[in-house]
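Enquirer: Read off the chains here:
Number of protein chains: 2
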Amino acid sequence: MTNNTPPWDEEYDVVIIGSGFAGLSAAIEAKQAGAKTIVLEKMRIPGGNSAISGGLLAVANSELQRQEGIIDSPELMLDDMMQAGMQLNHKELARMVAEQSATVLNWTIDTLGVKYKESLNHLGGHSVPRTYITDTSTGSGIIQPLLAKCRELEITVQMKTMLNQLLSDTTGRIDGVEVRCDYLFPQQDSGQLKRIRARKAVIMATGGFGRDINFRMTQDPRLDKSIDSTNQMGATAEGLLSALRVGATPIHLSWIQLGPWASFHEKGWGVGSMFTLLAGFPYGIMVDANTGKRFVNELSDRKLRTDAMLYHDRIPVAIVDSLGVIKATTLDKCLKQGVVKAFSSIEELAAADNIPLPALRETLERYHLSLARGRDGEFGKQLSNDLKPIENPPFYSIRLLPKVHHCMGGVQINERAQVLSISNQQPIPGLYAAGEITGGIHGSSRLGSNAIVDCLVFGRIAGQQAAVEQL
Amino acid sequence: MTNNTPPWDEEYDVVIIGSGFAGLSAAIEAKQAGAKTIVLEKMRIPGGNSAISGGLLAVANSELQRQEGIIDSPELMLDDMMQAGMQLNHKELARMVAEQSATVLNWTIDTLGVKYKESLNHLGGHSVPRTYITDTSTGSGIIQPLLAKCRELEITVQMKTMLNQLLSDTTGRIDGVEVRCDYLFPQQDSGQLKRIRARKAVIMATGGFGRDINFRMTQDPRLDKSIDSTNQMGATAEGLLSALRVGATPIHLSWIQLGPWASFHEKGWGVGSMFTLLAGFPYGIMVDANTGKRFVNELSDRKLRTDAMLYHDRIPVAIVDSLGVIKATTLDKCLKQGVVKAFSSIEELAAADNIPLPALRETLERYHLSLARGRDGEFGKQLSNDLKPIENPPFYSIRLLPKVHHCMGGVQINERAQVLSISNQQPIPGLYAAGEITGGIHGSSRLGSNAIVDCLVFGRIAGQQAAVEQL
Numbered sequence: 010m011t012n013n014t015p016p017w018d019e020e021y022d023v024v025i026i027g028s029g030f031a032g033l034s035a036a037i038e039a040k041q042a043g044a045k046t047i048v049l050e051k052m053r054i055p056g057g058n059s060a061i062s063g064g065l066l067a068v069a070n071s072e073l074q075r076q077e078g079i080i081d082s083p084e085l086m087l088d089d090m091m092q093a094g095m096q097l098n099h100k101e102l103a104r105m106v107a108e109q110s111a112t113v114l115n116w117t118i119d120t121l122g123v124k125y126k127e128s129l130n131h132l133g134g135h136s137v138p139r140t141y142i143t144d145t146s147t148g149s150g151i152i153q154p155l156l157a158k159c160r161e162l163e164i165t166v167q168m169k170t171m172l173n174q175l176l177s178d179t180t181g182r183i184d185g186v187e188v189r190c191d192y193l194f195p196q197q198d199s200g201q202l203k204r205i206r207a208r209k210a211v212i213m214a215t216g217g218f219g220r221d222i223n224f225r226m227t228q229d230p231r232l233d234k235s236i237d238s239t240n241q242m243g244a245t246a247e248g249l250l251s252a253l254r255v256g257a258t259p260i261h262l263s264w265i266q267l268g269p270w271a272s273f274h275e276k277g278w279g280v281g282s283m284f285t286l287l288a289g290f291p292y293g294i295m296v297d298a299n300t301g302k303r304f305v306n307e308l309s310d311r312k313l314r315t316d317a318m319l320y321h322d323r324i325p326v327a328i329v330d331s332l333g334v335i336k337a338t339t340l341d342k343c344l345k346q347g348v349v350k351a352f353s354s355i356e357e358l359a360a361a362d363n364i365p366l367p368a369l370r371e372t373l374e375r376y377h378l379s380l381a382r383g384r385d386g387e388f389g390k391q392l393s394n395d396l397k398p399i400e401n402p403p404f405y406s407i408r409l410l411p412k413v414h415h416c417m418g419g420v421q422i423n424e425r426a427q428v429l430s431i432s433n434q435q436p437i438p439g440l441y442a443a444g445e446i447t448g449g450i451h452g453s454s455r456l457g458s459n460a461i462v463d464c465l466v467f468g469r470i471a472g473q474q475a476a477v478e479q480l
Numbered sequence: 010m011t012n013n014t015p016p017w018d019e020e021y022d023v024v025i026i027g028s029g030f031a032g033l034s035a036a037i038e039a040k041q042a043g044a045k046t047i048v049l050e051k052m053r054i055p056g057g058n059s060a061i062s063g064g065l066l067a068v069a070n071s072e073l074q075r076q077e078g079i080i081d082s083p084e085l086m087l088d089d090m091m092q093a094g095m096q097l098n099h100k101e102l103a104r105m106v107a108e109q110s111a112t113v114l115n116w117t118i119d120t121l122g123v124k125y126k127e128s129l130n131h132l133g134g135h136s137v138p139r140t141y142i143t144d145t146s147t148g149s150g151i152i153q154p155l156l157a158k159c160r161e162l163e164i165t166v167q168m169k170t171m172l173n174q175l176l177s178d179t180t181g182r183i184d185g186v187e188v189r190c191d192y193l194f195p196q197q198d199s200g201q202l203k204r205i206r207a208r209k210a211v212i213m214a215t216g217g218f219g220r221d222i223n224f225r226m227t228q229d230p231r232l233d234k235s236i237d238s239t240n241q242m243g244a245t246a247e248g249l250l251s252a253l254r255v256g257a258t259p260i261h262l263s264w265i266q267l268g269p270w271a272s273f274h275e276k277g278w279g280v281g282s283m284f285t286l287l288a289g290f291p292y293g294i295m296v297d298a299n300t301g302k303r304f305v306n307e308l309s310d311r312k313l314r315t316d317a318m319l320y321h322d323r324i325p326v327a328i329v330d331s332l333g334v335i336k337a338t339t340l341d342k343c344l345k346q347g348v349v350k351a352f353s354s355i356e357e358l359a360a361a362d363n364i365p366l367p368a369l370r371e372t373l374e375r376y377h378l379s380l381a382r383g384r385d386g387e388f389g390k391q392l393s394n395d396l397k398p399i400e401n402p403p404f405y406s407i408r409l410l411p412k413v414h415h416c417m418g419g420v421q422i423n424e425r426a427q428v429l430s431i432s433n434q435q436p437i438p439g440l441y442a443a444g445e446i447t448g449g450i451h452g453s454s455r456l457g458s459n460a461i462v463d464c465l466v467f468g469r470i471a472g473q474q475a476a477v478e479q480l
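Protein sequence lines, in the order shown, are assigned to chains X and D.
Sequence positions in the first sequence follow the numbering used here and run 10 to 480.
Sequence positions in the second sequence follow the numbering used here and run 10 to 480.
Hint data in this document are derived by calculation from the structure and do not stem from the laboratory.
Just so you know, not all the hints are guaranteed correct.
No copy labels: a pair is met if it fits in one copy or bridges any two.
Computed list of lysine-lysine pairs in DSBU-like fashion (alpha-carbon distance at most 30 Å, straight line) [what the hints assert, rightly or not]:
1) K234 with K100
2) K45 with K158
3) K276 with K100
4) K312 with K100
5) K234 with K126
6) K345 with K234
7) K169 with K234
8) K350 with K302
9) K336 with K126
10) K158 with K302
For clarity, every value in this text was computed on a predicted model and none was experimentally measured.
Could you build the full structure based on these sequences and the hints that come with them?
Expert: If you want it as C-alpha cells, here you go:
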C-alpha cells in the first residue's frame, strides 16, 4: 500500500471471488491449509451456475466403470477432450483434469459426503460411459455439501458482495480487492465500497459470461439478445474483465458453447435439458421435423450438434420411447410443463410435431437396423449395449433449441492455477483462478460433464497453492 | 502528466507505431489534416509484412470488373467475408472494407500513383474475380509510393524505434509512448529510452503476431516452432500486448490463419506462394501425392484448405500447365530455386512427385469433364471462363506446406478506428488502431487480398480521426 491509499476494512490470507464449485472447493483447501479465508459472492444465494447445473461428473477409471465392465483411462478421456477441443486445448492442464478425475470424485464422496446414482451415463463426445450424476440430478447435490463443509470449517461465505476491482501493491502483487457490500444485482452502483486485504492471494472463481450479452457479442456477434442461455442471470463478465485489467492473458474468448439439449418451449436450462441429456440423446434419436430424418450423431461433441441444429432452418426434435426414459429424472416435470409430450403411437407423435410420417418411419427402421448391426453407419453414434428399438409406447418428443451454455475462453493459468501475465507469461503474484473463468483446458469445445471435474480439480489446487503463496 | 513523471523528450500531435500499409496511410491522412505526425518503426527498414506481401487488393465494383464484364457488389464481397469468417465478423466494420474498397483503390492510383496490372485475379473464397495486383506483384509496389508521399509531406518515418509502453495521463487518456531509440531487433534491452508525447492520439499499426511463437502458442498450442510462417521476423506480439495492458478489448485471438499456398521447399513466404496463388490454385489442381486425387476446392477459404492439407497425412501438390502459368510472375525464380519443377509430360511429373499415375490421369479426366460441363460437382470450385484443360506441356508442380500467415484476432475498434475499452466498450481516449493488430473484421478467416484493403481503409480513417481528436 502506498501512502495515499486508504486503510483496509478487513484482512484475510485468501480472498475468493465466487461461490460455485471452484470457489467453495478452493476455500475448503485454503482453510484446511491454515489460511484465514473468505468467499465473496455477488448474488443473493450461493452456488452460481454450479447449483443449477445437472450435477454430472466425467470420471476416468471409476468404481462404477469397474462394476459395469467399462474399459477407460485418463489417456482416453484426454483424447476425447482434445478431439472435441480441436486440439486447441492446453494439453498439460487438460491432462490434469483427466488424471485427477477419479481422485476428486472420491474427495466429494469421502470428504463431502456427496451421493451419486448407481449407474453411469453416456454423454456426447465421450468414447465410453463415464459420467456420474448426483442423486438429486443437480449440481446442488455437491454445492450443499460444499457449503456444509464451509460452515464446519467456519469459512464465511458472504453474499451480495460484488468485486469492483483487484488491488495491487507497488510491486504489482495483487494484495486485495475493492468490493461493493450489500450489493443488489444487477444494480451497478448499489452497496457500499470496502477494501478487503488478501495477505496471500486472491482466487478468481467467478465463472463464465454466458449471460453477458454485450461482452459475448464482442467475441461472437451472432449471440445477441435473441439467443437464450442456460446460465443463471449472474453469469456476467465483470470478474473476467477485472482479471484482464490487471494483465491476465486472455485465451480463446471467442469460443462460446451452445448446449444442444435445451427445450424450445421454456426459458434457460429449465427441466428439458436433463431429459434430453439422459434420455433423448443417449436412448433416442433427433430428427429434423421438416424432413423426418436424422442429421447428426446425437452423441457427438456439442459444437458439432449445435452447428447442425442451427443451420439449414432445421426444427430439431428428439424422440424416445418408454424404455429410453428410465434415467430421465425430470420426465414428470417436463410433461407437466409441456416441454415433453407423450403419445401412444409414432403416428400421433408425427402428426403433433408436423413430421412427415413415411420419412420418420423409414428413419426409425434404418436406426433399428443400425442397432441390430451394432453400428451406426450413417452418423457414427456410439451404440451402447443397452439400446433397444424405439417401439415401446408411450413415445416422447421434445423440441430443442441451442442456448448459450459455457465459455471455453478465459484467463490463462498454469498447473498451479496461477494466473499468467500477458506481459511475460509469468504468474501474476497473488492471483489465482479456477473454473469457467479460466481458458484453454477445453480448447474449442467442452465435453458435457467435464466442467464440474475441472472446477473441483483446479479449485482445490488454487486453494492449496494460495495458502502457501510465498510473499 | 503528474508531478513525478519526467518531461517529454519530443512532442507531436499524432504518434503512429508501425510503418506498414495502415501506419503510413494513417500518417498521410493525419498530416494532411494538419497534425504534426511521426511514424515509429522498430525494424531497420520500413514496411513490415506489408512490403513483402503479394500486393493483392480485393475491390468490389472496380473499373477492371466493368471492363471484364464481371458483376460484383460490396454486398457480395461482404457475404464472401462473412461466410469465410464463420459469421463471427463484426459486420459493420467488414461492410466498411467492402464498401470503401473501390474508393481506396482509386486513392492509391490518384494520390499515390500506384500501378496495377491490367487483369484481375480470382482468389480463394471470393465469388468472382475481384483482385488487383500491383505491377511489381509485391506490397512494396504500394509501400514505396506511400513512403514517397510521406517524404513529400515531410513526415518523419523513424526506424529502429521500439514501443516500450503506452503512457496515459491521470484521466486515463493515452498521451504518449515510451520507446527505445536505436533499438536493434530482436535485442530486447538495446537502445535508449525516450518519452514521446502524443498531444492528440497514438495510432497502433503494429501488425500481427504470426512470428511470435510464445504468444501464438498461448492461443493455439499446435503452432509451435516446428510450424513455419510467411511473415517477416518482426511480426511479434508486443504492440498488441501494450494495447491490451492499457485496457483494449481482445477479440478472436485464437483465430490464427495458415496460408495454403507456400512451398514445402523454402522458408517463409518465399517465391512459391505467389506461384500457387496466381497459377497453381486458380488454373491448376491440387492433389494428394499419396492418392493422386483432389481433396478440396482449390479456391475455397484458406481455413478449409489448410485444414484439408494438414489432416490425413496428405502430401499436397499443385499441378498446372503452360497455359496456366501466364500470370505467375515468380515462375522463373521458382524454377531457378527448385520450388517449382517443370516436366514435359504428366508421366514424368507423376514419377518425380511419387504420385500414382493411373489415379492422377483419372483425376485430370474428371476435372476436364467438369470444365466441359462448367461445374465442379465434386468440390464446387468456381470455374472461370478462361480455364482450359491441363494438357499443354510443360507441366509444373509445386509441393505445398501450410504456414502461419495472418492473425484475425486483435484489439476491438469501432467505425472511427478508436480502440474500445474492455471496461465499458467505450473508446479509450487518445488510442486508435488499424490493420492486422485489430480483430473482428475478418471473423474466423480472412480472405486473400482483403488485408491490404482493410489496412488502407482503416489506416486512413485512423489518421483522419486522430488528427481531429477532441481533447
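Enquirer: Have a look at K234 and K126 and pick one of within, between, both or neither, based on CA distance no larger than 30 Å.
Expert: neither (37 Å within a copy, 47 Å between copies)
Enquirer: With 30 Å as the alpha-carbon cut-off, assign the pair K312 and K100 to within, between, both or neither.
Expert: So K312 and K100 pass the 30 Å test inside a copy (19 Å) and across (23 Å) alike.
Enquirer: One pair to classify: K350 and K302, alpha carbons no more than 30 Å apart. Within, between, both, or neither?
Expert: So K350 and K302 pass the 30 Å test inside one copy only (19 Å; across, 49 Å).
Enquirer: Between K158 and K302, at a C-alpha cutoff of 30 Å, which is it: within one copy, between copies, both, or neither?
Expert: For K158 and K302, the Cα distance exceeds 30 Å both inside one copy (50 Å) and across copies (62 Å).
Enquirer: Check K336 against K126 for me: Cα-Cα at most 30 Å, and say if that holds within a copy, between copies, both or neither.
Expert: Classified as within: same-chain Cα gap 10 Å, cross-chain 68 Å, threshold 30 Å.
Enquirer: Pop the pair K45 and K158 into one bin, within, between, both or neither, using alpha-carbon distances up to 30 Å.
Expert: Classified as within: same-chain Cα gap 15 Å, cross-chain 65 Å, threshold 30 Å.
Enquirer: Within, between, both or neither: how does the pair K345, K234 come out at a Cα-Cα threshold of 30 Å?
Expert: within (28 Å within a copy, 58 Å between copies)
Enquirer: Up to 30 Å between alpha-carbons, please classify K169 paired with K234: within, between, both or neither.
Expert: within (26 Å within a copy, 47 Å between copies)
Enquirer: Please work out whether the CA atoms of K276 and K100 approach to 30 Å or closer within one copy, between two copies, in both situations, or in neither?
Expert: between (35 Å within a copy, 28 Å between copies)
Enquirer: Between the shortest in-copy and the shortest cross-copy C-alpha distance, which are at most 30 Å for K234 and K100: within, between, both, or neither?
Expert: Between copies, since 17 Å is at most 30 Å while 34 Å is not.
Comparing the model with each numbered hint stated earlier shows that hints 5 and 10 do not hold.
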